[in-house]
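Trainee: Working from the sequences, and respecting the hints, build out all of it.
Protein chains: 2
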Amino acid sequence: MSGSGALAWPTGFKAYTGHGGLRDHGDDISVVASDRPATSTAMFTRSLFAGPAVVLSRTHAAGRCLRAVTTVAQNANVATGRRGEENAAEVVGRVAGMLGIPPEEVLIGSTGVIGRPLPMDTIRTHFDAAAERGPAAFTAEPLDVARAMMTTDTRPKTAVRTVGRARLVGVAKGVGMLEPDMATMLAYVFTDADVSPADLDRAFRHAVDHTFNCLSVDTDTSTSDTVAVIANGAAGPVDTDLFSEALADLCLDLTRQLAGDGEGATKLLRVTVGRAADREQARRVAKSVLNSPLVKTAVHGADPNWGRVLMAIGKNTDDTRIAPDKVTVRFGDTEVYPGEPEEHTLSELAEVMRRDEVDIVVTLGLGEAEATVYGCDLSAGYIRVNADYTT
Amino acid sequence: MSGSGALAWPTGFKAYTGHGGLRDHGDDISVVASDRPATSTAMFTRSLFAGPAVVLSRTHAAGRCLRAVTTVAQNANVATGRRGEENAAEVVGRVAGMLGIPPEEVLIGSTGVIGRPLPMDTIRTHFDAAAERGPAAFTAEPLDVARAMMTTDTRPKTAVRTVGRARLVGVAKGVGMLEPDMATMLAYVFTDADVSPADLDRAFRHAVDHTFNCLSVDTDTSTSDTVAVIANGAAGPVDTDLFSEALADLCLDLTRQLAGDGEGATKLLRVTVGRAADREQARRVAKSVLNSPLVKTAVHGADPNWGRVLMAIGKNTDDTRIAPDKVTVRFGDTEVYPGEPEEHTLSELAEVMRRDEVDIVVTLGLGEAEATVYGCDLSAGYIRVNADYTT
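Protein sequences appear in the order of chains A and B.
Numbering follows this note's numbering, in which position 189 of the first sequence is assigned residue number 1419; successive positions increment by one, without gaps.
Numbering follows this note's numbering, in which position 69 of the second sequence is assigned residue number 1299; successive positions increment by one, without gaps.
Read the hints as simulated data drawn from the structure, not as lab findings.
Glycine residues also receive a C-beta, built at the ideal position from the N, C-alpha and C atoms.
This list has only true hints and no planted wrong ones.
Listed next, the stretches of chain A that the computed footprint assigns to chain B, with coverage defined by at least 3 CB atoms under 8 angstroms from CB atoms of chain B: (1) 1521-1529; (2) 1549-1556.
Restraint ranges, calculated between C-beta atoms of paired labels, are given here: (3) A:1556 to B:1294: 32 to 38 angstroms; (4) A:1578 to B:1385: 36 to 42 angstroms; (5) A:1586 to B:1255: 34 to 40 angstroms; (6) B:1436 to A:1556: 33 to 39 angstroms; (7) A:1510 to B:1394: 52 to 58 angstroms; (8) B:1575 to A:1428: 53 to 59 angstroms.
Rough simulated footprint, nothing fancy, chain B against chain A, three-plus residues with beta-carbon under 8 angstroms: (9) 1267-1280; (10) 1341-1348; (11) 1534-1542; (12) 1602-1612.
Mentor: Printed below as a string of structure tokens:
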């Protein structure tokens, strides 16, 4: 159905990265573009304080024919007033100029500090130089783009899948303010598959619902979350179901990378709630376990503290369908509630808790619905990153 | 209206503390009792996994004539099955026996580890010895009781107020799993005021709504939260309004102590949301700021990162009444949004952030309602306490 390919763009895509002076060292501006018209779908943060990049991109995305994505790292350009709006529009205009396409076909993503104007002087200088180089500037690979998008990420995030002759390449960045309904996350997928706008939209919504929307690092919702997929059709038609599976699988891959690289994370935490009355209940209960600071610190300390898992389930005080005597809790494959683990399984349990990926599995005994959510442990590293990250 | 008195029990109350073997050193069992019939009101956790102590106490509290409160520290006696229920009932029975009152007049509070049976052998030995000493065993002062109630608290919490000839004495313990609708909190108030059951109930509900229910340390809801007030009338009647004010003031005092001693806390964080459409909105927005890990870490780092405050307000994605252009944010007295602080106020701002109590004040520009909530910063100490606190 789908496998990994090499780390290059799908047919008809090209990319550029450059240094716009947003950080001291390294590329901080990137552009990925299709050389032909394309079909697109995008989703954005629901934050009431969505930034100008999101507001502008929402308008452009509505046309369903985005061809290019540009990302400005380190600065969210949020709560920057009228000037912020003008600056976002200017960046988009310059990217459109570089590519010779209408601004309405460009999506812009920004993450980073809130409330500080973009350094337009250095950004203009950078774009002037890039424009002079012309098409020759478009030599960046997916890994270069993923790296140029990073803020407090410790590693770049990319993923590749193939469907028939078509390829899907994803790039993403995390890593704090991750929750709910996406995250401080930018994730873009580029594909040369020929997919109808309706099929692309349906496939992407399904994928995002089961992956990025099941990710939570710290319950904080970003003002900048953006995910988008662009399909340019260069590789011809594909089987719609296989494409949908590959897209979901790629998004899951990126989601796991984002969760495992949450700020200060030392391990991936995966919580599955099964036998729920409906998927909404499963996801809500799973997230209350995933987001509990006491569960997260227990996982960090490799402590199979199932009492905290019960506590986090019990927090859903308005959901009286949940009955303690129907609930079961497992760490990995070991049931810890209600059956107390045998003496000989305690060492297995300790081993499960020390893994890089910890699974907590809860069943509610109410129905057949299930949901899995992704996050990470809570460590002193999170405090370090966020108490020192300054405005 | 009310002032501080000396740290002794109100007329007609006496207390006992002893070592029941729940921790290695120090008293871990306490009893506070009125020597005459009393009127009472109590409130409990809404957790779906409320422990046997809460379940039993809820029944007893319904009679509105509690005369005694016993607390077992270090062990929540939660998720301990039928045996847990029997053990809670036995402790209550033994306390009632010591006092020569019906078990239905005793409230029991337990906090600590979940899922581990009470060490009934050592507890029985302890109660046998106490019973032998009889009334002579009741020599404990409020501070002794507050100390015997502690788990990860770093200091005992007591408060005193007077109304006319009557006194109110409160004892409380925190300090993790604090949220919402109370906390892993036990807080008891004893008074010799003569108050009708209806007035006592009304005054206490009002007080709890504005104090303990506005407290949040980590969004985790305990299975054991209990607050209660017992009034034995020994000091005669009091002005109802003054009593109500004194009770609320005492509860606020305890709430601030609990917030300031949150696990790993280095400072008290107080968030006020004003000019809200209604009190429910004010409290919900205030809590989303108070509970944001990114706001809490910024406060820990003494960083006036108002972008994170905006982000946390913007998380209330379903509340479309909130409009970014109507919102203002202050740290202490300094407005940081939308008016950018002047250069000369930046040092004042830094000083505000370094205080032991940090105030964040938000206005929504929608109405006249206001709410203040209490919590603390998020430090590496929280991680240390909770990653090491073992099952």
